[in-house]
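J.: Top line first, the protein sequences correspond to chains D, L and P.
All residue numbers for the first sequence refer to numbering that gives the first Met the number 0, where the first residue is 0 and numbers rise by one.
All residue numbers for the second sequence refer to numbering that gives the first Met the number 0, where the first residue is 0 and numbers rise by one.
All residue numbers for the third sequence refer to numbering that gives the first Met the number 0, where the first residue is 0 and numbers rise by one.
No lab work stands behind these hints, which were simulated from the structure alone.
Incorrect hints may have been included.
As the list claims (entries may be wrong) - With a cut-off of at most 20 Å between alpha-carbon atoms, the simulated EDC-like pairs for lysine to aspartate or glutamate come out as follows:
1. P:K95 to L:E3
2. D:K107 to L:D159
3. D:K104 to P:E137
4. P:K56 to P:D2
5. L:K25 to P:D63
6. D:K104 to L:D159
7. D:K104 to L:D241
8. D:K104 to D:E122
9. P:K56 to P:E137
10. D:K107 to L:D160
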Amino acid sequence: MKVSLLSRLLANYPYVAAFILFAIGIYGVIASSNLLRKLLGISIMESAIFLMFIASGNITGRGVPIVDAAKESVGYVNPLPQALILTGIVVGVSTTAFALALLVKLHKYYGTLDARIIYDKREADKH
Amino acid sequence: MIQENLPVLLVVTLLFTAYLLPIFTKRRPRIIELLVVTVECLILGGTLYLAGLIARQGRAPIIYPAGGWPAPWGIELSVGSLSILFLLMIAGVGLPVAIFATDGITWQLRSRQRVAWFFTLYLLLAAALAGLAVTNDLFNVYVFVEVATISCCALVAAKDDPLAIKAAFRYLLLATVGSGFIFAGIGLIYLVTGNLDMTFAFTELSQRAYTYPHVVRLAISFFVIGFGTKAALFPLHLWLPDAHSAALTPASAILSGLAVKGYIIALAKILYIIVGPALLQALSIDRILLLMGMVAIVAGSLLALAQDELKRRLAYSTVAQVGYIFLGLGLMNTTGLAGALFYAASHAIIKACLFLAAGAIISRTGKERVSQMAGVGREMPITMGIFTICSFALMGLPLLSGFIGKWNLLRGSIQAGSFLASLVIILGSLLCAGYLLPVIRTAYFVPAGTTTTKETSFLQISSMLILTVFVIVLGIAPGPLWNLAWQAARDLLGG
Amino acid sequence: MKDYILKRVVILLLPLMQVFGLYVIFHGHLSPGGGFAGGMIVGLGLVCYAAVYGMEKGTDKVPDRAATLIESFGTLWYGAVGLVGVFKGTLFLSNKATGVPMGQPAALLSGGWILVITLGVGIKVASTIVTLFYALTEEEES
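Chain D extracted, bound-state conformation (with noise of 0.2 Å):
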């Protein structure tokens, strides 16, 4: 029983890759206090969903998606995810773009970036 659960891990190796990489990404994202750092995990679980999304699309033994005559009798690979995981990665900077945009006027508000400090600063603001 063992030993086919392994076999099975490794002849999946790039769902056992994302998974490890979105547990790592949610792991920074709970567990460092400076904000920068959560930020980075959020990068690093956006990463894991594209590697599942492309790695589902790929059919062993065809080759890239570009039309090109020589290439018709081996066909193929799935070109969707990959224009899929385009517009991830977009939607990915800009989530990105805005949280740094937010991190530099955070950063002249509070002196610092890290979370503790600024929620005591935050509680010590509104009362």
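Fit chains L and P to the given chain D structure using the hints.
T.: Positioned in the frame of chain D, the structure of chains L and P alone reads:
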């Protein structure tokens, strides 16, 4: 020519105008405000026309393949009763809030140039929510969810003070994690079914779900977590009180009223159209939604009781009312689901009006806390009167729109056999009275020194009055909107 | 940054970057990349220039206001191409049905409206990258 393309033109008009506005940054704000109000009126007119079209063809949805490519090769838009309901909400709440925002936004943003950017974000949010209403493609849902998230966070950050920026960053962080989960869920559904169109994915999924039970369950949980984070389902609501209380008043009204509902309706579409009621019941997802809704109602109301700041109290009240809608989603019968959808629509109007009234009170009298609000009934009689009517509507008093939604949720939960849910609905209403009545009592009956009226301006009062009139009319004559909600529930459950 | 080597290298590399970016944009319907990737390359070229030579020279080449206007213009361009389908009686974003010549597959001028849309997206993304850079590096101005 315009009539056939109306579904896509509604979204495109909002997007177009949103990107037209930055060109006018150097002009006077009046032009921008006029443009925004005109566009909202156009959207309202277009939605009513579509509603008439659908009613004439027997309530069947209008299918619109973008680019001429039908599904499963292309993206299809499907405008049914649920889409019309949500589009009416967007136009019906967006228009009065935009009118409210035109008065005083230049002063609040502290710069004439930023007015154009504020309204760009406003229209982008409306465009994204309209897109969520009409789309029938799973990846299109993800794109519009992302546009809506970024617009919401930017609307919160529009007010340039430290609390707002911190609240906006926290909202962005949690919402992006939620988006990541939604994207993962979409990936898993694509892996199992090979289709991104909702109706085609349903046919594939009903055959394959028993071959891959764990993947389907994982995908559904990812969707619930992702959309639940954005819709502020307890315990994923942690960003909401800060964000909605620190934002500008029109922004809070739109966020609490429309944005939160948009994500819930997207989740309802995905769960009911792709997964289907049969599979949801087989995997006990409906029981989980019911339970989470009940917990949200009780927790949100109790937390609202503990708040002294008026806007934070209203924000926690949103958490509780979102619980009502999730409870209705988990009931699995037409009465309950229609009640939930009707309650979503009426809550959007009521909560937007409450936030606008609270904002007017805070900006005119400077009183932020409930304990300070003595004498407001005399200082701002019309605004306080509007606040009172909307509070009564939220509590579920008859003759106002909140009653219809809660009554049908009650009937639905009794039909589904869950007496605990009925008890929680009634308990929720009592707690709602518990945290809204003290505000009214303090404003009217506690004596205070000042008797000068600082009533707010004509534009703001008229926008709040429009919303209140909607609330009263929907309470007395709910017929058309109730039929829409009923048909939407039948469409979702019948498929 | 006032480094001598950096300035000389950037001024040599910049034309290559722009041409490569334009190549990726124009071949968007034939090879990987397309509007977004090509637009990013063009935009990053301008950002490199502004980063190495200083913000004043950067804003001389691409002023703030121009970048914002081009951004709006890019989206309106995309919407306009989509609306061509509506005005000709077919559906939004139609390609062949609007009567545009499709050309030979794998030639540069093929695919109907796709090339036009890719151009619009490329310009928009380039100006967005430049705007983001200006926004993130603006000095203290109250």
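J.: State for each hint whether it applies.
T.: Hints, verified against the model:
1. P:K95 to L:E3: holds, 19 Å
2. D:K107 to L:D159: holds, 12 Å
3. D:K104 to P:E137: holds, 11 Å
4. P:K56 to P:D2: Roughly 15 Å separates the two Cα atoms, so the pair holds.
5. L:K25 to P:D63: holds, 13 Å
6. D:K104 to L:D159: holds, 9 Å
7. D:K104 to L:D241: Within the cut-off at roughly 17 Å; holds.
8. D:K104 to D:E122: holds, 18 Å
9. P:K56 to P:E137: holds, 14 Å
10. D:K107 to L:D160: Judged against 20 Å, a Cα distance of about 11 Å means the pair holds.
Of the numbered hints listed earlier, not one is contradicted by the structure.
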